[in-house]
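Could you put the whole structure together from the sequences, leaning on the hints where they help?
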Amino acid sequence: MVASSFNHILGKLSLSSNGQIGITQKMYGIDELKSNESSFSNMDGADKKRILSFLKENRFRSDFYDNNIALTKKQMSAYPSDDIMIIQCLASIEEMTKMKNMILNRLREWYGYMSPEFIHAIGNQEKMIELIESKDIEVLKNESVKKDSMGIKFLKEDNQSVMHLCVLYHEIDAAQGRQKDALIKRISNVMPNTVLIATPQLAAGLLQAAGSLRNLMIMPASTIQTLGAEKALFRHLKNKKNKSPKYGLLFNHPLVQQSPSASRGKIARILAGKISVCVKVDYFKGKPIAANLYSEIVRKVQHDL
Amino acid sequence: MIFESQLRGVFLEKGKRTRVYTKSLVPRVKVYDESLVFQSGVEYREWNPRKSKLSAAILKGLSQMGLKEGYAVLYLGAASGTTVSHMADIVGRNGIIFAVEFSLRPVRDLVFVAEQRKNIAPIFADASNINELAARISMVDLVYQDLAQKNQAEIFLNNCDLFLKDEGFGILCVKARSIDVAQKPSIIFRDVRNKLEKTMSIVDMRNLDPFELDHCMFVVKKRVK
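Residue numbers (the working numbering), protein chains in the order written: chain X, 1 to 305; chain D, 1 to 225.
Read the hints as simulated data drawn from the structure, not as lab findings.
Treat the hints with care, since some could be wrong.
What the hints assert, rightly or not - Straight-line C-alpha distance at most 20 Å; calculated DMTMM-like pairs for lysine to aspartate or glutamate:
no., chain 1, residue 1, chain 2, residue 2
1, X, Lys49, D, Asp214
2, D, Lys222, D, Asp161
3, X, Lys73, D, Asp109
4, X, Lys74, D, Asp214
5, D, Lys184, D, Asp214
6, X, Lys48, D, Glu167
7, X, Lys287, X, Asp82
8, X, Lys153, X, Glu109
9, X, Lys73, X, Asp63
10, D, Lys118, X, Asp66
11, X, Lys73, D, Glu132
12, X, Lys238, D, Asp214
13, X, Lys34, D, Asp126
14, X, Lys100, X, Glu133
15, D, Lys222, D, Asp191
16, X, Lys156, X, Glu133
17, X, Lys73, D, Glu167
This is the structure we're talking about:
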């Protein structure tokens with residue numbers, strides 16, 4: 001038995017040459033626990049088991065509980081959160097689009113009881129809300145009184161209720177605009193290279209699909225290429241007779257959109273490759289390489305067409 | 001009528017649908033949205049088989065669990081603490097569950113569960129990093145693993161090798177789709193079984209259908225060398 005000591009959640013654990021196990025109470029941080037110098041892993045297998053069995057006793061359990069909870073809480077609060085904030089921001093923006101659409105549909109239904117002809121005629125949602133807001137109560141009264149209109153008479157309060165919705169719509173729209181600006185600012189800071197090649201919106205989408213920057217960094221380019229096309233991907237993997245997807249979220253990239261259908265797959269593949277390099281550089285906060293990579297992409301794309 | 005099953009700490013109620021319960025360690029407090037039921041002055045928490053694979057296995061006739069009051073358990077893949085909370089009910093105040101989870105969001109919920117049930121020690125660590133885990137836990141009576149990883153069998157065996165006492169039980173949830181997306185689950189389960197049998201004795205194997213598709217649970221016992 002070799003005398004040794006190592007860092008443990010219960011404190012400094014020491015093993016003397018005659019087999020005595022001692023604990024000096026100490027609170028270690030996560031880095032100290034992981035430190036290589038005084039490491040559990042260097043010990044003899046039999047010694048490891050002896051110590052682990054020793055610690056199984058009831059008297060240590062309360063400390064195991066207290067110290068582990070305290071350390072886990074510290075780990076939580078120290079967790080790097082840039083990518084988390086970006087993903088939450090993007091989720092919020094997407095939700096606000098749904099909110100806006102809900103309000104527009106409700107307006108269509110509600111206002112349609114007063115001016116069905118108007119609602120039936122107008123297709124564009126933005127135009128509709130603009131016109132609803134611009135008509136005052138007198139004009140509305142006149143409209144619904146037209147010869148064979150199917151409109152029901154609205155009271156002043158009914159009209160006010162509809163206007164409340166219009167106000168709400170604009171508030172959400174403005175908030176969404178601010179969130180979009182904040183998102184672009186944040187992601188350009190966190191993933192400067194990726195944003196140059198993939199555009200901020202797409203980069204955020206890729207980050208959301210991957211779940212975290214670390215996950216995105218680990219992915220091979222082929223996974224990045226098909227992020228967002230999981231249905232098609234797994235259909236293909238289960239039965240090779242089904243074609244593999246050429247692009248997922250990457251379909252929305254300007255270079256893919258602008259190119260002829262026949263070349264889109266190739267361009268998506270080229271982009272995915274360069275994006276995967278950028279993500280790795282951004283994760284490790286490396287040098288700006290996006291400009292060089294972009295000129296390589298342009299060269300490859302022109303060569304193919 | 002709620003009665004204790006042949007598995008200690010696990011209670012059943014027969015009826016149109018058999019229900020599983022554990023005795024609530026912290027009465028009147030819900031962990032997820034489980035039902036709380038009173039009988040003869042004792043509060044029971046309903047154990048939902050759709051939310052918890054262990055409950056599903058019990059309903060599929062699990063014969064042995066290797067879990068007893070006062071035991072130390074290593075739980076790999078604790079998530080938000082749904083199944084952990086029921087295990088905590090079973091091991092009781094003198095037991096301890098080392099609940100290991102690697103994903104940030106569920107650990108937050110796990111800490112809240114642990115603050116209520118003082119026999120759960122939440123650990124934010126990677127289950128495949130044995131040395132890092134060794135600095136935070138002790139030897140255990142049971143290793144329970146529910147991880148969606150390709151190398152889940154290897155992680156399980158490594159953890160059992162170091163942390164599981166001799167003749168201790170191990171429970172491994174196998175998610176076939178995490179190992180291979182396209183392969184037949186029965187073949188994947190057979191491969192896992194072969195890997196386990198090298199160092200463990202197979203005690204039971206339950207297919208969790210219809211509660212979970214393409215999932216099974218192995219109960220093993222660590223052979224003394």
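So which of the earlier hints does this model not fit? 1, 4, 17
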